[in-house]
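Engineer: As you go down the protein sequences, you meet chains A and B in turn. Here the first sequence stands for residues 0 to 489, where the numbers follow numbering that gives the first Met the number 0. Here the second sequence stands for residues 0 to 129, where the numbers follow numbering that gives the first Met the number 0.
FYI, nobody ran anything at the bench for these hints, they're computed from the structure. Glycine included, every Cβ here is placed at the ideal spot set by N, Cα and C. Worth double-checking, as some hints may not be accurate.
[Claimed, not checked] In silico lysine-lysine, BS3-like type, Cα no more than 25 Å apart, as pairs:
no.	chain 1	residue 1	chain 2	residue 2
1	B	K97	A	K167
2	A	K164	B	K53
3	A	K367	A	K393
4	A	K193	B	K97
5	B	K97	B	K86
6	B	K97	B	K53
7	A	K167	A	K367
8	B	K53	B	K109
9	A	K436	A	K367
[Unchecked claim] Sample of chain B residues with no beta-carbon within 10 Å of chain A, all distances over it, derived:
no.	residue
10	G20
11	Q34
12	G47
13	A79
14	L115
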Amino acid sequence: MPYDNQPAYDRLVFELSSPGRMAFSLPESDVPVEPALAAVPEKYRRRQPAALPEVSELDVVRHYSRLSQMNYGIDTHFYPLGSCTMKYNPRINEDAARLAGFARLHPLAAEALSQGALQLMHELAGMLAEIAGMDAVSLQPAAGAQGELAGVLMIRAYHEARGEKRTKVLIPDSAHGTNPASTALAGYEVIEVKSDAEGQVDLGDLERHLAADVAAFMITVPNTLGNFEPRVTEIAELCHARGAQVYMDGANLNAILGLTRPGDLGFDVCHFNLHKTFTTPHGGGGPGAGPVGVKAHLEPFLPVPVVARREQTYVLDWKRPQSIGKLQAFWGNFGMHVRAYTYIRTMGADGLRAVSENAVLNANYVMKRLEQHYDVAAPGPCMHECVLSARKQKKLGVTAMDIAKRLLDLGFYAPSTYFPLIVEEALMIEPTETESKETLDAFCEAMIRIAREAETAPEAIHQAPVTTPVRRLDQTRAAREPNLRWRGQR
Amino acid sequence: MSNVPGDLKYTRDHEWARQEGGRMRVGITAYAQEQLGDVVFVELPKVGARVTAKQAFGVVESVKAVSDLFAPVTGEVVEANADLAHKPEIVNQDPYGKGWMIVVTPADAKQWEQLLSAAQYEEFLAQGGH
Numbered sequence: 000m001p002y003d004n005q006p007a008y009d010r011l012v013f014e015l016s017s018p019g020r021m022a023f024s025l026p027e028s029d030v031p032v033e034p035a036l037a038a039v040p041e042k043y044r045r046r047q048p049a050a051l052p053e054v055s056e057l058d059v060v061r062h063y064s065r066l067s068q069m070n071y072g073i074d075t076h077f078y079p080l081g082s083c084t085m086k087y088n089p090r091i092n093e094d095a096a097r098l099a100g101f102a103r104l105h106p107l108a109a110e111a112l113s114q115g116a117l118q119l120m121h122e123l124a125g126m127l128a129e130i131a132g133m134d135a136v137s138l139q140p141a142a143g144a145q146g147e148l149a150g151v152l153m154i155r156a157y158h159e160a161r162g163e164k165r166t167k168v169l170i171p172d173s174a175h176g177t178n179p180a181s182t183a184l185a186g187y188e189v190i191e192v193k194s195d196a197e198g199q200v201d202l203g204d205l206e207r208h209l210a211a212d213v214a215a216f217m218i219t220v221p222n223t224l225g226n227f228e229p230r231v232t233e234i235a236e237l238c239h240a241r242g243a244q245v246y247m248d249g250a251n252l253n254a255i256l257g258l259t260r261p262g263d264l265g266f267d268v269c270h271f272n273l274h275k276t277f278t279t280p281h282g283g284g285g286p287g288a289g290p291v292g293v294k295a296h297l298e299p300f301l302p303v304p305v306v307a308r309r310e311q312t313y314v315l316d317w318k319r320p321q322s323i324g325k326l327q328a329f330w331g332n333f334g335m336h337v338r339a340y341t342y343i344r345t346m347g348a349d350g351l352r353a354v355s356e357n358a359v360l361n362a363n364y365v366m367k368r369l370e371q372h373y374d375v376a377a378p379g380p381c382m383h384e385c386v387l388s389a390r391k392q393k394k395l396g397v398t399a400m401d402i403a404k405r406l407l408d409l410g411f412y413a414p415s416t417y418f419p420l421i422v423e424e425a426l427m428i429e430p431t432e433t434e435s436k437e438t439l440d441a442f443c444e445a446m447i448r449i450a451r452e453a454e455t456a457p458e459a460i461h462q463a464p465v466t467t468p469v470r471r472l473d474q475t476r477a478a479r480e481p482n483l484r485w486r487g488q489r
Numbered sequence: 000m001s002n003v004p005g006d007l008k009y010t011r012d013h014e015w016a017r018q019e020g021g022r023m024r025v026g027i028t029a030y031a032q033e034q035l036g037d038v039v040f041v042e043l044p045k046v047g048a049r050v051t052a053k054q055a056f057g058v059v060e061s062v063k064a065v066s067d068l069f070a071p072v073t074g075e076v077v078e079a080n081a082d083l084a085h086k087p088e089i090v091n092q093d094p095y096g097k098g099w100m101i102v103v104t105p106a107d108a109k110q111w112e113q114l115l116s117a118a119q120y121e122e123f124l125a126q127g128g129h
């Protein structure tokens with residue numbers, strides 16, 4: 000392999016392969032050996048051996064250690080990815096999730112042998128219900144989008160049980176893309192409601208669309224511009240008056256813990272992203288979890304089974320004839336339930352309120368420091384995230400994408416870009432409550448530096464990133480001519 | 000300001016329509032493709048499909064976003080631009096020409112009159128375009 004001044008372990012594991020090298024050494028078998036081929040019918044046999052990498056154990060360790068060092072995550076860097084709540088995941092959550100009674104419990108173990116786990120699920124559902132002002136919670140959905148689907152399916156079952164035929168769901172144009180996707184999957188037609196100039200729901204447009212065939216209005220609070228909808232109770236009343244249910248996308252719940260509750264604002268359903276607000280790992284760190292909470296009139300429709308308490312024991316209740324059914328293998332992503340439970344219990348009510356207060360404070364601090372340098376998408380103060388627009392910079396030839404790439408060179412993960420769709424050149428920054436003022440200042444300095452570079456040296460920004468393992472990727476070509484598989488040396 | 004040909008009609012969702020005999024050719028405007036950025040995929044209806052004015056008839060995906068395409072008029076699709084399947088970049092390169100999307104036989108000729116004129120669309124863009 001030619002020396003090209005690059006650490007060898009940066010290569011693909013296939014490129015480290017050497018014929019005959021292996022990472023295991025098995026003892027002699029003490030049972031009779033049957034040739035594997037004898038068990039596989041001719042037509043299912045490979046013509047050639049599988050092209051698996053042949054590497055030593057040390058190769059494997061170095062290769063994956065190197066990859067983990069190249070990874071960028073909340074454990075290594077500030078990660079202000081808007082709408083994703085990339086906050087610190089406390090290590091005590093991991094301690095609890097590794098307790099043998101939870102970690103080694105088989106999901107099909109008898110109820111009598113699973114009382115601790117069932118109690119934890121029952122209590123977590125109760126705590127989430129209290130936090131959101133809901134009457135019942137299902138922990139089953141595996142992520143926010145599945146929580147949405149569960150919520151919309153319950154709304155559909157509710158209308159059908161009342162003999163009402165409703166076919167449409169209204170969603171603002173500022174919504175997360177999952178909202179129309181989940182709604183369409185649940186069999187509804189999606190109707191977009193316009194936002195006004197400040198990014199809030201245009202009440203006139205909402206009212207125009209609120210016909211007798213509308214099943215629900217789905218809205219994110221605070222909205223994706225990081226602002227609290229000031230007329231949210233009015234919106235809920237308007238929908239209820241026309242027989243429509245009101246769904247709150249809980250993606251931004253980190254802004255309102257202990258300050259207000261979706262149930263008190265008039266919402267009938269809301270979901271929780273445990274991997275955002277409740278500090279369970281995000282993405283590659285573990286599966287998500289998207290519990291869904293409902294008011295009492297929707298409780299009969301919850302997914303089965305529901306963890307119920309019968310005197311001193313906890314049971315899985317399957318006898319729920321109006322249930323929308325089961326949504327997920329076993330009982331949901333239980334390991335995440337343990338982590339979220341641990342987080343809520345360690346924070347307490349005052350702690351959770353402080354989470355939101357500090358998340359809001361941090362976002363406003365960032366917005367205030369940057370508002371001289373970037374346009375602000377909606378007038379502040381904001382809630383837990385702020386949306387800037389790089390439209391000023393774009394006139395100088397520097398786009399939100401360029402700014403995002405340049406930030407990587409300066410040691411920060413980039414904010415969400417080009418979302419929400421209603422903001423031109425959007426940069427959506429969510430610092431979260433777990434960052435110090437020093438980190439926020441360093442990030443703001445980097446953003447201010449880029450704004451100055453846009454005026455003085457835009458070419459340098461177009462080159463960014465220059466410090467990352469790979470330079471700027473050709474996204475367009477990658478999407479038009481996807482190359483999804485390693486094909487070996489040509 | 001983006002190119003807005005005077006002989007076309009427009010929608011507030013940034014589609015254009017051109018009258019060709021009794022048919023109508025439809026695409027997205029120069030402004031729309033600028034806002035989307037590099038187009039990487041276009042999904043169009045099959046010939047013979049019905050489209051309804053102001054309702055989605057297809058999808059355009061760019062490096063930034065996935066957006067619905069809205070029909071300017073109600074009618075039947077008589078042609079769909081097959082070149083876009085393997086060369087979506089022509090939407091960026093020539094939005095009013097080779098980057099056209101569908102040709103429709105309108106069910107109601109009067110709907111043409113309800114579309115925005117070039118001057119009206121230019122004014123709409125000047126106000127922010129949404």
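Engineer: So which of the earlier hints does this model not fit?
Structural biologist: Checked against the structure, the hints that fail are numbers 1, 4, 7, 11, while the rest are satisfied.
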